[in-house]
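A.B. asks: Here is how the chains run, residue by residue.
There are 6 protein chains.
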Amino acid sequence: MYLGDEAWPDLETYFEEESLALVPTGSTEQHGPHLPEATDHLIAEAFAREAAERTGYLCTPTINVGVSGHHRQFHGTMWVDPPAFREYVESLTRNLTEHGIDRVIYVNAHGGNVPHLREVGARLRQDETAFAIEWMWNESIPDLVDELFEQNGPHGGPKETAMIQHLRSELVHDDRLEEARDGGIPSVDAAGTVKHGSRTFYDAADNTENGVLGDQTDATAEKGEEMFEAASDQLVELCEWVAAREFEELLPEPHV
Amino acid sequence: MYLGDEAWPDLETYFEEESLALVPTGSTEQHGPHLPEATDHLIAEAFAREAAERTGYLCTPTINVGVSGHHRQFHGTMWVDPPAFREYVESLTRNLTEHGIDRVIYVNAHGGNVPHLREVGARLRQDETAFAIEWMWNESIPDLVDELFEQNGPHGGPKETAMIQHLRSELVHDDRLEEARDGGIPSVDAAGTVKHGSRTFYDAADNTENGVLGDQTDATAEKGEEMFEAASDQLVELCEWVAAREFEELLPEPHV
Amino acid sequence: MYLGDEAWPDLETYFEEESLALVPTGSTEQHGPHLPEATDHLIAEAFAREAAERTGYLCTPTINVGVSGHHRQFHGTMWVDPPAFREYVESLTRNLTEHGIDRVIYVNAHGGNVPHLREVGARLRQDETAFAIEWMWNESIPDLVDELFEQNGPHGGPKETAMIQHLRSELVHDDRLEEARDGGIPSVDAAGTVKHGSRTFYDAADNTENGVLGDQTDATAEKGEEMFEAASDQLVELCEWVAAREFEELLPEPHV
Amino acid sequence: MYLGDEAWPDLETYFEEESLALVPTGSTEQHGPHLPEATDHLIAEAFAREAAERTGYLCTPTINVGVSGHHRQFHGTMWVDPPAFREYVESLTRNLTEHGIDRVIYVNAHGGNVPHLREVGARLRQDETAFAIEWMWNESIPDLVDELFEQNGPHGGPKETAMIQHLRSELVHDDRLEEARDGGIPSVDAAGTVKHGSRTFYDAADNTENGVLGDQTDATAEKGEEMFEAASDQLVELCEWVAAREFEELLPEPHV
Amino acid sequence: MYLGDEAWPDLETYFEEESLALVPTGSTEQHGPHLPEATDHLIAEAFAREAAERTGYLCTPTINVGVSGHHRQFHGTMWVDPPAFREYVESLTRNLTEHGIDRVIYVNAHGGNVPHLREVGARLRQDETAFAIEWMWNESIPDLVDELFEQNGPHGGPKETAMIQHLRSELVHDDRLEEARDGGIPSVDAAGTVKHGSRTFYDAADNTENGVLGDQTDATAEKGEEMFEAASDQLVELCEWVAAREFEELLPEPHV
Amino acid sequence: MYLGDEAWPDLETYFEEESLALVPTGSTEQHGPHLPEATDHLIAEAFAREAAERTGYLCTPTINVGVSGHHRQFHGTMWVDPPAFREYVESLTRNLTEHGIDRVIYVNAHGGNVPHLREVGARLRQDETAFAIEWMWNESIPDLVDELFEQNGPHGGPKETAMIQHLRSELVHDDRLEEARDGGIPSVDAAGTVKHGSRTFYDAADNTENGVLGDQTDATAEKGEEMFEAASDQLVELCEWVAAREFEELLPEPHV
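Protein chains in written order, with our numbering: chain E, 642 to 897; chain V, 642 to 897; chain F, 642 to 897; chain L, 642 to 897; chain H, 642 to 897; chain Y, 642 to 897.
Among the hints, a few may not be true.
[Unchecked claim] Label pairs and their computed distance ranges (CB to CB):
| # | chain 1 | residue 1 | chain 2 | residue 2 | range |
| --- | --- | --- | --- | --- | --- |
| 1 | Y | Thr-858 | H | Asp-646 | 18 to 24 Å |
| 2 | V | Pro-724 | Y | Glu-694 | 44 to 50 Å |
| 3 | H | Glu-878 | L | Arg-695 | 50 to 56 Å |
| 4 | Y | Asp-816 | L | Pro-724 | 49 to 55 Å |
| 5 | Y | Pro-795 | V | Pro-724 | 35 to 41 Å |
| 6 | H | Asp-646 | Y | Val-835 | 33 to 39 Å |
| 7 | V | Pro-724 | L | Asp-768 | 21 to 27 Å |
| 8 | E | Phe-888 | L | Asp-768 | 45 to 51 Å |
| 9 | F | Glu-894 | E | Val-897 | 40 to 46 Å |
| 10 | H | Glu-863 | E | Pro-895 | 34 to 40 Å |
| 11 | E | Asp-646 | Y | Thr-858 | 57 to 63 Å |
| 12 | L | Asp-823 | H | Asp-646 | 51 to 57 Å |
| 13 | L | Gly-824 | F | Asp-874 | 38 to 44 Å |
| 14 | E | Asp-830 | H | Asp-815 | 22 to 28 Å |
[Said to hold, decoys possible] Listed below are several chain E residues computed to face chain V (Cβ distance under 10 Å; list not exhaustive):
| # | residue |
| --- | --- |
| 15 | Leu-644 |
| 16 | His-682 |
| 17 | Asp-722 |
| 18 | Glu-739 |
Simulated from the structure, these hints should not be mistaken for laboratory data.
All C-beta atoms, glycine included, are put in the ideal place defined by N, C-alpha and C.
If we strip away everything but chain E, and leave its shape as in the complex, we get:
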């Protein structure tokens, strides 16, 4: 069920019976010469809508702009600073609970959002407002991703390329995949910016000229579809697991 499409009286039954919401969180940021800036929020939204459709759980509209300051050097990257992101997500989630929601899955497709969603989630759980956790599709199918690609990226690599080829093929510049690969680097290691155990970089631009990693020519829409199906299965199972718990089970352990 997609909250945005519904009139308020039609949501009453849902809130009486269920207390789970899926909140898609993405970013709008450079994804190399071949992928659209919307990549992450398109992926987040697609997974959240798919899982909502399959399960009947509620999906909300998407948070399209996240914590992407580390891509600032590339045209068009949009971002909010970490405190603004945390405050926005926390406020949005707290307010959702006024309708009876007490568990949230942030269907997230941007790594830069993760520590902030975790920080917010920890606070909401600690004060017993809600059990809110973050899920990223690729974390749910690590073996399949490794099997499909030699160098999967992460950022703007074949994994994300294949996913957009599947979801919105018209937005992929297929004729730039080689350029994407040749202008980027295979992986963060290749940049040599981890020195003696310390990350000496903060921005994507410290590591790569065109903003991306991995071998994009390895991507196909078929691989994208296979991953989408597999990860959607995982998200569906996560939804069922979260929904099946008593709220008390999801709260922090007591002091020893």
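We have chain E already, so just place chains V, F, L, H and Y on it with the hints.
C.D. replies: Showing chains V, F, L, H and Y alone in chain E's frame:
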């Protein structure tokens, strides 16, 4: 041009030549028994995309959740508290300026966002970061709106109904228009909650049972289209006016 | 009863019997070549004291400096930034409740304070701390104001001029009323700064050379007195209305 | 010169020639059974106005409510929390500098405000916005105060009693001076709440039943007048000293 | 008992039986040419550890960097701004209460921390989280300090010199005591920076060339030891006094 | 060079010649039944001091309490909330730059601090205040750690056990190593709390009964020494690398 669809190298020319961005700001909140909760962000996005298409100026992805705490009593209303909204919008706008943007039009379709967009805009202008102003479609065509409807609403009234009938007719419950009218009130005055010059209400629920105002049966998709065209014309002209100014012209007046 | 004049033991009975306080909120800002910078806080204080005297309800000392950044270009305008104002008023109001006050009328005479008083009031009501509402004298007698003046201003216009002529005539430069009119503009519309439905101005100085609007020559102390009496009546009635309610009646509606 | 009384064009010359402002800061809080809650802000305002009158320097309207949470147990005490006070004063002072003010004397009559005014002043000086310092009348004439009274208080004692007898005798309950003395304590030491070098109290109510200290029967309007004259002389000299400095002289020392 | 040395199961009994913790708070800042920058946190830690050892109460690790911006002109001074200090101490203290601690003594050795510890302590007591008070060793033995030294300082004077001579003699440059005295000033009064009752200085560098006050040649390790013993006795007695109270006794008085 | 031991004049040369500081950041938190709560800050301090001694670079006092809320269920864990930690570290670092420091290595021994140190570091670099990076000893010698232990932990495992056996053997309960192992879990995977790619846990207590992971019986002081030497070498090299750069080299890349 829609930022979300573009790969970063394809935005370079725009940022070299132009410095205007359209940022759609809406809400996700109850709009009565007949309209979807997405109403305001759908409208904001439609206008911003239309103007961007007609003019070539840049449109960003939409901020879907705004300041709607005053609709909290109705199922599904989502909101962030005012400080979170202001911080999110301000951070997002400041960061846009790193690409050369120095003027922003918030294409806004939710009244509850207005004072906050004004507060943010005043700050950004005062410190000479950007000239950011807020535009609402209905404010740009007051005469036409008055001409088309006896009681235009505002919230969830025939004006917004007609607009969604035009933009996303499948999301309107046309069979509930009478119910919408009969369960609501003609206008805020009818609620009698302004006492001796003071607004004694804070929430929509203080004034109306079903969350809406006006006579929704007066709405048609044709009226929606007429308003959409007329207001889009206005937005296009505003874009041209803003874009044609020197940045200095847009800054605050000097001290007398 | 004026709180500032009382010794603490003499307030005990009041707090046992009543729970309403009037808090005057004004500004210190330019009001044209003819009116004193204190205009707004003088008016706020006069109304609050008058109503307190007539009814016996408690009036507190005045907040003399408010949100007036939009008058910054004119000598002597004082202001605090919106977050500072909100935090100050909210803290002051919350703390008043420790004595048993649970309802507050901000007797306000400065339009720039309104959205901030509303934001604070909404928060205080939502968490059931207090029912705090804002009242402006001119909003309570719109018909009389319209009847008395052709062009009432608003800022620094004949309406406010007449009020200060009545309250503190020695502070009005009667010999500058024509200058005030001729150096200003009749109304905001005359400035032409609303473009295609968007306010492209933020400051008074964007619209007017001398900071004021309307025809000041139309003002007399008699008109001021008439308005003062009429609006004081309204405020008294508002006090009685607010005081007569059960606290529960003043709280937010429950979720539908 | 009192800012509140002036129309903006009449302030132009001042700001061209001078850069000092006196800002009265007080409190509204219990001062025992015999003194009005306004005591501190009345005193602050009286000194600031007097010095402004004698010297021609600019005096602004008064901040009537300060940091008085430690008097919360007594009816009618008003206060804002420390962060709100600091933010309000800092914002007000920063904004004053837009007219050319670069030095401010907080004419303060409430001890509870002192650390906060010092914190704000340190910040403003460090970033070279303004040189803002705090002055309390009794600190300027310690010998005279000691000479006039055996037990001067401080809070609500004979020192403050005499001052209000001089400034606003109608607000003093002269018939309660003995009651004030007998229901209070001679000095903080008498409360015995400093234990082994640590202040174990936070509130006035931890130390005294009626909120005051010292022997109020020792107060007379004549003593008040004497102190008022003497301390006003001091304030005038401070004004002249501050005004005579180059701004650079008032800024922080360079790093060694 | 020192918390840092213990494994968690070994703390269980303590938290079952006791609810007091000693938290050492110091600074890292210039203390003249003869004393180490660690002076204040070394002293704070020594007293807290000593009292914990003598009494069995719990001592936590030390907060080594405090509010020392007023020493910024001297090499090596470290500091955090006041809001950061307050937030850090308040958060740390609140979180301690999750183990059953409800009373805290900040064993403090830096005057610059005092108003901030008091502000935090007042908040924690007011919301009934904990009774947290600040103790400084020299405040507990004023007569002895006066007896031992003609000019005790305060900052970097003979009092602190003697203490470090006792605690960490290898860190004192005994050959620079005369230089310390001659390059500094006897007391704040000598600087002449209190003008007409107002402190016109903010930084140590406004008053003294080498950062210290008093006659350091008057210091000996024996005097240090004597003071250490005497003040430790006081701290032990304070611990016992605080521990012996019912929590309710330590909370704010009710409203009159 | 250890800042805390020095008198201010003795630091002058350092600040003239060098601009690097090592800031140890740790935590005070449960480390199982066998290790002291000080574990992380002892390790951080030991490495920072060692590297400072070997290279001559400056080491500051330690931040002893960090972000450890996820260990709150175990007696004695101390922590500050993430915003307090970030603000404290950021303020401390900014202020260090007033002496000429423009690069900082946070010698960190607590994983929970990492995202916050990275957030602060990113901000400081972005506004060109300082280049501040975080280093953790185990990240610098991953191969050696893997070679020495089958199951290295991480938290409270053999890796940290061996390190404290080397640094402060008297604080290790060697007789509880089996208990530590048997009461904990081999690794986070064993807890089964990552569900379908999502971490459903927030606290250590969600995963383990006694708070630790790995096989502690595998630890020896010799292994600790070997790791200490190897990681110290890495830190020394990192210091040299950081110190050898021009400041401009360390700043963000320009916009493409």
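A.B. asks: If a hint holds in the structure, say so; if it does not, say that too.
C.D. replies: Comparing the hints with the structure gives:
One distance hint, 18 to 24 Å for the beta-carbon pair Thr-858/Y and Asp-646/H, holds here, with the actual separation near 22 Å. Roughly 48 Å separates the CB atoms of Pro-724/V and Glu-694/Y, a value that falls within the hinted 44 to 50 Å. For Glu-878/H paired with Arg-695/L, a C-beta distance near 53 Å keeps the hint of 50 to 56 Å intact. Separation of Asp-816/Y from Pro-724/L is about 50 Å and conforms to the stated range, judged on CB atoms against 49 to 55 Å.
In this structure, Pro-795/Y and Pro-724/V meet the distance hint of 35 to 41 Å, their C-beta atoms being roughly 37 Å apart. Restraint check, Asp-646/H to Val-835/Y: a C-beta distance of roughly 34 Å satisfies the suggested window 33 to 39 Å. Between Pro-724/V and Asp-768/L the C-beta distance comes to about 24 Å, which sits within the given range of 21 to 27 Å. At about 49 Å, the beta-carbon gap between Phe-888/E and Asp-768/L stays in the expected band of 45 to 51 Å.
For Glu-894/F and Val-897/E, the hinted distance range of 40 to 46 Å is satisfied, since their beta carbons lie about 44 Å from each other. Hint check: Glu-863/H to Pro-895/E, Cβ distance near 53 Å, so the stated range 34 to 40 Å is violated. At about 59 Å, the beta-carbon gap between Asp-646/E and Thr-858/Y stays in the expected band of 57 to 63 Å. For Asp-823/L and Asp-646/H, the Cβ-Cβ distance of about 54 Å falls inside the hinted range of 51 to 57 Å, so the restraint holds.
For Gly-824/L paired with Asp-874/F, a C-beta distance near 43 Å keeps the hint of 38 to 44 Å intact. At roughly 55 Å, the beta-carbon separation of Asp-830/E and Asp-815/H lies outside the given 22 to 28 Å, and the hint is violated. With its C-beta approaching chain V no nearer than about 5 Å, Leu-644/E sits inside the 10 Å limit, and its interface hint holds. Taking 10 Å as the C-beta contact cut-off toward chain V, the hint placing His-682/E at the interface holds, the least distance being around 7 Å.
Interface restraint check: Asp-722/E against chain V, minimum CB-CB distance 5 Å, threshold 10 Å, status holds. The beta carbon of Glu-739/E is positioned within 10 Å of a beta carbon in chain V (closest approach about 6 Å), and the interface hint is therefore held.
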